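Student: The chain contents come next:
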Amino acid sequence: MKSNAPARQAGARGHRLAALLTDTFWGRLTLRATALAIVLIAWQMAGDDSVALLFPTATRTFQAFIELMADGRLPLGLLVTGQALLAGFAIIIGIGVPLGILIARFPLVDRTVSPYFTFLVAVPIIAIVPVVQALLGLTFAARVTVIVLFGISYVVINSAIAVRRVKPELIEMAASFGARRLAILTQVVLPAAVPGIMTGARLALGQALIGMVVAELTIVGAGVGSLIAELQGRFKVAAVLAVAMTIVLIGLCLLSLVEMLERRLNRWSLTK
Amino acid sequence: MNANATPAIAVQDVSKFFVSADGRRTRALDKVNLAVERGEFVSIIGPSGCGKTTMLKMVGGILDWDEGSISVMGAPVSGPGPERATVFQSFALLPWMTVLDNAAFGLKMRGETKAARHAKARNLLETVGLADFANAYPGELSGGMQQRVGLARALAVSPNVLLMDEPFSAIDAQTRLILQTELLDVWSQTDLSVLFITHAMDEAVFLSDRVVIMGARPGHVTDVIDIDLPRPRTEETRRDPRFVELTARVWDRLRGLMTDERAGAPS
Ligand SMILES: Nc1ncnc2c1ncn2[C@@H]1O[C@H](COP(=O)(O)OP(=O)(O)OP(=O)(O)O)[C@@H](O)[C@H]1O
Ligand SMILES: [Mg+2]
Numbered sequence: 001m002k003s004n005a006p007a008r009q010a011g012a013r014g015h016r017l018a019a020l021l022t023d024t025f026w027g028r029l030t031l032r033a034t035a036l037a038i039v040l041i042a043w044q045m046a047g048d049d050s051v052a053l054l055f056p057t058a059t060r061t062f063q064a065f066i067e068l069m070a071d072g073r074l075p076l077g078l079l080v081t082g083q084a085l086l087a088g089f090a091i092i093i094g095i096g097v098p099l100g101i102l103i104a105r106f107p108l109v110d111r112t113v114s115p116y117f118t119f120l121v122a123v124p125i126i127a128i129v130p131v132v133q134a135l136l137g138l139t140f141a142a143r144v145t146v147i148v149l150f151g152i153s154y155v156v157i158n159s160a161i162a163v164r165r166v167k168p169e170l171i172e173m174a175a176s177f178g179a180r181r182l183a184i185l186t187q188v189v190l191p192a193a194v195p196g197i198m199t200g201a202r203l204a205l206g207q208a209l210i211g212m213v214v215a216e217l218t219i220v221g222a223g224v225g226s227l228i229a230e231l232q233g234r235f236k237v238a239a240v241l242a243v244a245m246t247i248v249l250i251g252l253c254l255l256s257l258v259e260m261l262e263r264r265l266n267r268w269s270l271t272k
Numbered sequence: 001m002n003a004n005a006t007p008a009i010a011v012q013d014v015s016k017f018f019v020s021a022d023g024r025r026t027r028a029l030d031k032v033n034l035a036v037e038r039g040e041f042v043s044i045i046g047p048s049g050c051g052k053t054t055m056l057k058m059v060g061g062i063l064d065w066d067e068g069s070i071s072v073m074g075a076p077v078s079g080p081g082p083e084r085a086t087v088f089q090s091f092a093l094l095p096w097m098t099v100l101d102n103a104a105f106g107l108k109m110r111g112e113t114k115a116a117r118h119a120k121a122r123n124l125l126e127t128v129g130l131a132d133f134a135n136a137y138p139g140e141l142s143g144g145m146q147q148r149v150g151l152a153r154a155l156a157v158s159p160n161v162l163l164m165d166e167p168f169s170a171i172d173a174q175t176r177l178i179l180q181t182e183l184l185d186v187w188s189q190t191d192l193s194v195l196f197i198t199h200a201m202d203e204a205v206f207l208s209d210r211v212v213i214m215g216a217r218p219g220h221v222t223d224v225i226d227i228d229l230p231r232p233r234t235e236e237t238r239r240d241p242r243f244v245e246l247t248a249r250v251w252d253r254l255r256g257l258m259t260d261e262r263a264g265a266p267s
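Protein sequences appear in the order of chains B and X. Everything in the first sequence is counted per the UniProt record's numbering, starting at 1 for the first residue and increasing by one. Everything in the second sequence is counted per the UniProt record's numbering, starting at 1 for the first residue and increasing by one.
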């Protein structure tokens with residue numbers, strides 16, 4: 001390093017700045033904050049607050065947000081909606097991962113249940129929502145079901161692929177040291193499949209978030225969906241936008257949380 | 001010494017069939033006989049597909065056979081056992097575990113406590129020269145180093161019999177020569193019996209007390225060549241005229257099998 005020419009050092013400094021921005025947490029935060037600021041300014045200029053029905057500026061939307069937070073309607077709505085998301089995602093992981101493993105290990109399970117999940121991926125789930133509503137009514141269970149339908153196939157399919165891809169020689173190795181089926185599953189197959197399962201979980205979360213909104217807007221729920229419907233009925237455009245944006249932002253936060261977890265758990269699979 | 005009466009590995013008239021996807025039964029091994037005496041180093045060499053791996057897996061207890069009998073240390077084989085350990089061609093290390101945990105993996109499967117297995121694994125990492133890499137991950141090591149971990153993992157369970165399936169074939173030629181010498185060093189300090197599969201004739205001759213030559217379609221033993229080179233074997237051994245002569249003899253026997261294979265190929 002010390003023997004480098006000054007010019008090359010300057011170049012290296014430039015590279016290091018770029019690396020700092022993309023490779024460190026605070027660097028990435030700075031990048032994102034800058035991009036956000038640009039978007040907010042553009043929004044502010046595009047908005048028009050002279051008439052309540054026109055596209056609101058960023059500040060009017062933020063005011064609406066504060067009001068909704070202050071009177072407690074938005075937090076309550078988010079809580080109710082969040083419950084459905086949480087329950088749905090828990091079911092997606094809790095059923096999806098074991099099912100994926102079973103599909104990968106037992107051809108009989110594969111042949112009997114796999115087609116349904118292929119179907120779920122291929123078909124627009126929105127088309128099935130009325131069926132769910134007819135079966136379960138305007139209930140919490142109906143909303144959870146929609147969320148599960150949106151997300152579960154991604155976890156099932158990715159888990160199955162991940163388990164199938166586990167190198168047979170690793171399983172043979174464990175068996176040669178006397179490992180039983182259960183030990184092979186917990187010590188070799190599952191850890192080896194974690195990266196694939198995490199990918200499935202991330203994709204499923206994205207889909208579950210869509211499912212959550214769809215459920216809220218079609219199966220009128222007690223959560224943010226009914227809040228939006230009510231605000232829309234009273235032409236509170238800024239408030240509707242505030243609610244929608246809050247949902248989007250929370251969704252983005254959840255997704256990056258899962259992405260972070262995925263990166264942490266997958267460190268070894270990236271080194272080799 | 002009754003124990004010395006039985007060989008470390010005894011394979012008697014073993015045949016193995018595989019059923020292919022179209023339902024045809026093909027004979028992979030035909031009445032194979034093989035014995036590895038206690039403390040002996042025996043290599044198997046033979047054309048690709050002649051059933052070497054199949055046989056090693058059967059001795060290791062992770063594959064069934066159809067006819068004949070296999071016993072290890074005097075006891076019939078009915079699955080994997082604590083007296084056997086295998087070293088794999090592809091290393092078969094778990095990439096999410098540290099080198100130390102990989103070396104301790106066999107002991108973990110045998111239910112040893114963390115403290116006990118780490119102590120033993122550390123010891124063996126020392127033996128294979130990887131003490132400083134205990135906390136590294138396999139992905140950070142070269143192939144030669146990874147196979148040293150594989151060897152440490154096998155030795156950690158204190159086996160009587162070491163089964164090695166082309167352990168050095170994925171390793172560069174120079175490192176390979178060094179690993180051969182290291183393996184002999186470790187082996188000479190123990191009473192290990194080794195069954196070693198290889199495609200390299202010089203490797204088979206350099207390491208072994210006997211070289212077993214197998215032919216294909218179906219797999220069978222065609223020759224056993226005694227390697228009467230003195231031990232300890234060193235780099236000098238590789239220049240010994242007798243070494244060259246024995247390697248040539250192995251090639252003579254093998255070449256016959258390879259041309260057989262070529263002639264038989266169209267059928
Ligand atoms: N699970 C299996 N199902 C069907 N046939 C198999 C199976 N495993 C091995 N065989 C066949 O048995 C024969 C012996 O295979 P094996 O892997 O033991 O050969 P090998 O001597 O180890 O070859 P190589 O030198 O290439 O490693 C081959 O013809 C192979 O195609
Ligand atoms: Mg083989």
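Careful, some of the hints might be misleading.
[What the hints assert, rightly or not] The list that follows gives simulated cross-link-like pairs (lysine to aspartate or glutamate, EDC-like), each with its CA atoms no further than 20 Å apart:
1) Lys167(B) - Asp101(X)
2) Lys31(X) - Glu83(X)
3) Lys236(B) - Asp48(B)
4) Lys114(X) - Asp101(X)
5) Lys167(B) - Glu166(X)
[Said to hold, decoys possible] Selected chain B positions facing chain X (in silico; Cβ < 7 Å):
6) Pro115
7) Tyr116
8) Pro168
9) Leu170
10) Met173
11) Ser176
12) Gly178
13) Pro191
14) Glu259
15) Glu262
16) Trp268
No wet-lab data here; the hints were simulated from the structure. Since this is a predicted model, take the numbers as computed values, not measurements. Where a beta carbon is used, it is the ideal one built from N, C-alpha and C, also for glycine.
Student: Taking the hints in turn, state whether each one holds.
Tutor: Checked hints:
1. Lys167(B) - Asp101(X): holds (19 Å)
2. Lys31(X) - Glu83(X): violated (25 Å)
3. Lys236(B) - Asp48(B): holds (14 Å)
4. Lys114(X) - Asp101(X): This hinted pair holds, its Cα atoms lying about 9 Å apart.
5. Lys167(B) - Glu166(X): holds (18 Å)
6. Pro115: violated (23 Å)
7. Tyr116: Violated. Min distance 27 Å.
8. Pro168: Result: violated, 10 Å to nearest chain X Cβ.
9. Leu170: holds (6 Å)
10. Met173: holds (4 Å)
11. Ser176: holds (5 Å)
12. Gly178: holds (5 Å)
13. Pro191: holds (5 Å)
14. Glu259: violated (19 Å)
15. Glu262: For Glu262(B), the interface hint is violated, since the closest Cβ of chain X sits about 14 Å away, which is over 7 Å.
16. Trp268: Nearest chain X Cβ about 4 Å off; hint holds.
Hint check: violations occur at hints 2, 6, 7, 8, 14 and 15; the rest are consistent with the structure.
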